Amino acid sequence: MKIEGTQELRAARTRVYQALVDPEVLKRCIPGCESLERTGEASYSTTLRAGVGSIKGVFSGSVKLEDMRPPDHYRIVVDGKGQPGFLKGSGDLDLEDRDGGGTVVKYSGDIQVGGTIAGVGQRMLQGAARMMASQFFTAIEAEALAESNEPPPKHGFFRTTLRWLSGWFRRAFNG
Amino acid sequence: MIPAQFDYLAPKTLDEAIALLAQHADDAKILAGGHSLIPAMKLRLAMPQILIDIGRIQNLSYINEDGGQIRIGAMTTHYQLESSTTLKQICPLLPETAAQIGDVQVRNKGTIGGSLAHSDPAADWPAAIIALRAELVATSTKGDRVIKCDDFFVDLLTTALEPGEILREIRIALPSGRTGQAYMKVAQPASGFAVAGVAVTITRDQQGRCQSAGVGVTGVASKAYRAVGVENALIGGPLDAQSISKAASTVTDGIAINGDLYASEQYRHHLAQVYARRAIEAAAQRAQ
Chain C
291 MKIEGTQELR AARTRVYQAL VDPEVLKRCI PGCESLERTG EASYSTTLRA
341 GVGSIKGVFS GSVKLEDMRP PDHYRIVVDG KGQPGFLKGS GDLDLEDRDG
391 GGTVVKYSGD IQVGGTIAGV GQRMLQGAAR MMASQFFTAI EAEALAESNE
441 PPPKHGFFRT TLRWLSGWFR RAFNG
Chain X
18 MIPAQFDYLA PKTLDEAIAL LAQHADDAKI LAGGHSLIPA MKLRLAMPQI
68 LIDIGRIQNL SYINEDGGQI RIGAMTTHYQ LESSTTLKQI CPLLPETAAQ
118 IGDVQVRNKG TIGGSLAHSD PAADWPAAII ALRAELVATS TKGDRVIKCD
168 DFFVDLLTTA LEPGEILREI RIALPSGRTG QAYMKVAQPA SGFAVAGVAV
218 TITRDQQGRC QSAGVGVTGV ASKAYRAVGV ENALIGGPLD AQSISKAAST
268 VTDGIAINGD LYASEQYRHH LAQVYARRAI EAAAQRAQ
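Chains C and X are the protein sequences, given in the same order.
To get this note's numbering, take the position in the first sequence, counting from 1, and add 290.
To get this note's numbering, take the position in the second sequence, counting from 1, and add 17.
Each statement offered as a hint is correct.
Here are some chain C residues pointing at chain X (derived, C-beta under 8 Å):
1) G343
2) I345
3) M414
4) G417
5) A418
6) T451
Keep in mind that the hints were calculated from the coordinates and are not lab data.
Note that this is a predicted model, so its numbers are computed, not measured.
Cβ atoms here follow ideal geometry from the backbone N, Cα and C, with glycine treated the same way.
Given these sequences and hints, build the entire structure.
Below, the structure written as structure tokens:
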């Protein structure tokens, strides 16, 4: 399954990049991330309780960041499996300055999903990926905007949804 | 195909049910027919620790019409809506939609409230509910809350229902004047879910032009949505073949279309346009 998208964040590019490679930040921003342990220079092992609505599954696996060129680009490689199935794939993130301030993040990747979740949930995979990407970047934006001396923002599902909604309204009504 | 262990609670009243839900909000799921939840549990894609079955509560299954409003209890089954002679006369879109859901077993057990609260992106009810501009009544220990259908569907399998809230009733303004309605869909041959489904209500003014329009679309995106562009393009127009076709061509404007192995984004985009056109044509023809 191909995943592609563009996300506009209001924060400066260097800060967004910092947030996107900081394991502490990633742990807070990846929807359902329960642990993220460093296993190498830029590789981590992780446990995710991922899902939407009442459909949830626990995945464990590895995350590797490659080809890091701050503050422009990196490549993320994931490999995980769990009770509902497995997923593996990779994706590229490209950061650009946005006209009038802020950052545009372009992401594109290819993910293979198998097992029960792919067998019965195939028709919802793209929607689920979109939803989680949107939650993730909304949380990253909040992190990148936060002053470094403040305590980290909270990303309860409700807050993230609210932030996502307010972002959506902004885009919908301000063109 | 054996679910993980769970506790089963069967309250006798709605008050009891919302008290139980308030107590177990994080671990409990409401069982309201169970034709999505139980399969997910059997595959262990959903593993709630507690099921609160609201199927034994009296007075949650009804179709009433009074004061210019249709009120439908959340536990009314698809079959009850499909076979209601009252609805066939006053709001035929509901029986027409119900008749196209799943198969006989699903329609006999599945409920309108269960379907809406689950918010499957390809379920049929959300399209009809949006076209009819329904209001949904949620109840919790804090009392009732009325949610407009446009605010109800938030994202994939996600609604505006808060933890602790149970969808209790669906309210629809009684259609009046020269109104026609239609629901048309392409069903996925294996599941019966909509690959693309469009529900339409059209009201004509005295000159026969389109006075108001409601267009709800399901199966195409991560959630059912109102095709505002189509509605605006229809209103005030003559409802001839050309204007309908032009309006229908905007049905996915601004929408992130989802693709899957069965239907690509491009194919869904095409189906949505064709079925929007056909549903509008049918509704316009019925609005005499």
